[in-house]
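Chemist: Chains as they are written, first to last, in the numbering used here: chain A, 686 to 895; chain B, 686 to 895; chain C, 686 to 895; chain D, 686 to 895.
No lab work stands behind these hints: they were computed from the structure. Where hints are given, some of them may not hold.
Some, not all, of what chain C presents toward chain A, calculated at C-beta under 8 Å [what the hints assert, rightly or not]:
hint: 1; residue: Val771
hint: 2; residue: Asp788
hint: 3; residue: Tyr799
hint: 4; residue: Thr824
Keep in mind that this is a model prediction, so the values were computed, not measured. Ideal Cβ placement from N, Cα and C applies to all residues, glycine included.
Number of protein chains: 4
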Amino acid sequence: MTTTVLVTAFEPFGGETVNPSQQAVSRLADGPATDGVQIRTAVLPVEFGPAVEALRSAVATHDPDLVTCAGEAGGRFGVTPERVAVNVSDAHIPDNAGRSPVDEPVVAGGPVAYFSGLPVAAIVDALRAAGIPADKSSTAGTYVCNSVFYGLMHLIATERPGLVGGFVHVPYVHEQVVDRGDQPSLSLDMITEALRITVQTSVGALAAGH
Amino acid sequence: MTTTVLVTAFEPFGGETVNPSQQAVSRLADGPATDGVQIRTAVLPVEFGPAVEALRSAVATHDPDLVTCAGEAGGRFGVTPERVAVNVSDAHIPDNAGRSPVDEPVVAGGPVAYFSGLPVAAIVDALRAAGIPADKSSTAGTYVCNSVFYGLMHLIATERPGLVGGFVHVPYVHEQVVDRGDQPSLSLDMITEALRITVQTSVGALAAGH
Amino acid sequence: MTTTVLVTAFEPFGGETVNPSQQAVSRLADGPATDGVQIRTAVLPVEFGPAVEALRSAVATHDPDLVTCAGEAGGRFGVTPERVAVNVSDAHIPDNAGRSPVDEPVVAGGPVAYFSGLPVAAIVDALRAAGIPADKSSTAGTYVCNSVFYGLMHLIATERPGLVGGFVHVPYVHEQVVDRGDQPSLSLDMITEALRITVQTSVGALAAGH
Amino acid sequence: MTTTVLVTAFEPFGGETVNPSQQAVSRLADGPATDGVQIRTAVLPVEFGPAVEALRSAVATHDPDLVTCAGEAGGRFGVTPERVAVNVSDAHIPDNAGRSPVDEPVVAGGPVAYFSGLPVAAIVDALRAAGIPADKSSTAGTYVCNSVFYGLMHLIATERPGLVGGFVHVPYVHEQVVDRGDQPSLSLDMITEALRITVQTSVGALAAGH
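Only chain A is shown next, with the shape it has when bound in the complex:
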């Protein structure tokens, strides 16, 4: 039996010319297949409304068993699976369409928050065991990443009860900070491997019925 996994990434934003999530998801898709796992990918725009629409569309197209959304969290030191999605959008910088919501709900009338469906603690353990700096995160922020994460969990809660999903933030990749001197980063190889481990650990938990 094959498990179909949709892994999403984001376009560059905030003045960056690349997004490590996009680079890593592209490599993941081109990499060696894991037995019984079919990877499907989508790159989402960094725009508050359209990002969630693109995610929903990708879910409709690929009909996955598992969704892992990945995004860039510049300034973080390791890979951080997110614990909770919150029903608020509050932009510190405009999104790629120039929109800056202030304290707006992601889904009007939706619950305050959803927990991730991914095995956050097990993913962190697996990443560290592989030598990858990692930590649980308690906030996905209030920017487009969080809105996609919330939108995904709301879709699951309201329309797709059999689907499992969650979000993982990755740090800058080296090329983004090579001459900055004051920002942490990881190699693209390591971030790609981190996404592979995240998917593998999540598929394993799914198979085990967690």
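Once you have looked at the hints, place chains B, C and D on chain A.
Modeler: Leaving out everything else, chains B, C and D in the frame of chain A:
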């Protein structure tokens, strides 16, 4: 003609069980040889007096053309060739022999400071060109690293005018921070490659007469 | 008509000998009264279960109109009203009773999260207008602070519908970091003033019916 | 007998509209006089050549016994007396005249570095005793601050052997970071008091013959 390069590292200190400089120098020595470059290595104790003695002894043994000392600078984001060694030892934590000098000279009567003999700007350029986060550093601190750097430059200034030398600090390696969540790190492969580039760039400058 | 405000703080924890929230709340209580506002205070233990019990007891005793819980967030740069309390306790260090819950709910069967009842954005605006570094926070962490915040919001949701409450984190006070060199801090005067402004802004919003 | 102390500050730079050193020196000059100490002040331009010229001119005008230069070091957590001035200018951003020297000497043919003439350790002790976060610094950077510091020490070494001088960096003042959320700062009152203590401790050491 062969250029003999002495590359030194330090033992672990400050509660750490490894030192990335030691790991990387060991790998560098085991790695593929560069034509015309003969690598010699030494691991120095993290002790204020004996470290400089061990360096002097290694120089006497190997009679190198170039000396690159490497040390760990936990908390830094990239590889940082040091610009200047200062004639002061001031320990924020005891060294591995339990000694904590406070505002003592490294060499009584020595000059205030020495500039590195390595091509610091060219090394940073070469590291960045190779995709390695790097920056010039203006302080090697006042701990054992700086004392070795100063001791090396003083040896060159007073006894070995034909020798060229300098110091490079490297960040934590991933394994040191994998579960800390608040410290930057690089892979051991990248730190090893950074030392290789540092040596290569320095040898090139030496050959070019800079 | 008088508005009764309960302001809570925490005991020292994590190896610290003081807690800025405790110092500031003590000063706030001793300071000049605001017309129409009666301040009541309580100091909570840094223990996962007893902290919430102590909060509930203080609410029962003082029967306040408004509750502002304050806690220390070492490493933050300014005063940060919290946006959301999450139903999880996950200790990175043991609490003062030696207990370290891992991914446990604060309230079994409780909702995933509650939004703060305080006017977070207005408080940040008022703090900045007074020259105090401040920012909205999207995570109160998963330690005792968050558990008290969640416990408060759950109490309000389930038993005290007329009560309004929330949480604000304050940074280290200068005396905690005077010789550390690598941690941000504010003066006790400023932190006290920040709590006064937080209460005043919240009382104002309450009176205005927000 | 009166000790004349020249305290210098800098104009704003780097996109900032204020410079905490300028604000604090202005307040220091307006504050209560210390018996036996006469304060003279100067505000230097943030321009590599003219800054040193302005300093030399202020020394010529006021003929001080002691010179304390103060400058802004955004990102530092406390007040940091500088230990050593280095003979290099290497700008990471253009100065206020648009000039960006790269690895140039401050004084062609000058020594590599000068130690501060101020009692750095005693100043740090006095600041901490007054509750002010403080630390010794081992680098004044390679921007205009360091060039003024080096220029001062070179002036003393070559033309004014009776003069004592040094440099102290101060962090951002609160108003510069009130809405940034990621930068440390101190109050203007505290920075002013820090300069007062720096001067007082330096005058005391001068009187004691250190």
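Chemist: Does each hint fit the structure? Answer for all of them.
Modeler: We went through each hint and held it up to the structure:
For valine 771 of chain C, the interface hint holds, the least distance from its beta-carbon to any beta-carbon of chain A being 5 Å, beneath 8 Å. The beta carbon of aspartate 788 of chain C is positioned within 8 Å of a beta carbon in chain A (closest approach about 6 Å), and the interface hint is therefore held. A cut of 8 Å between beta carbons decides the hint on tyrosine 799 of chain C: the least distance to chain A is about 6 Å, and the hint holds. Evaluation of the threonine 824 of chain C hint against chain A yields a held restraint, the C-beta minimum of about 4 Å falling below 8 Å.
Hint violations for this structure: none, all hints satisfied.
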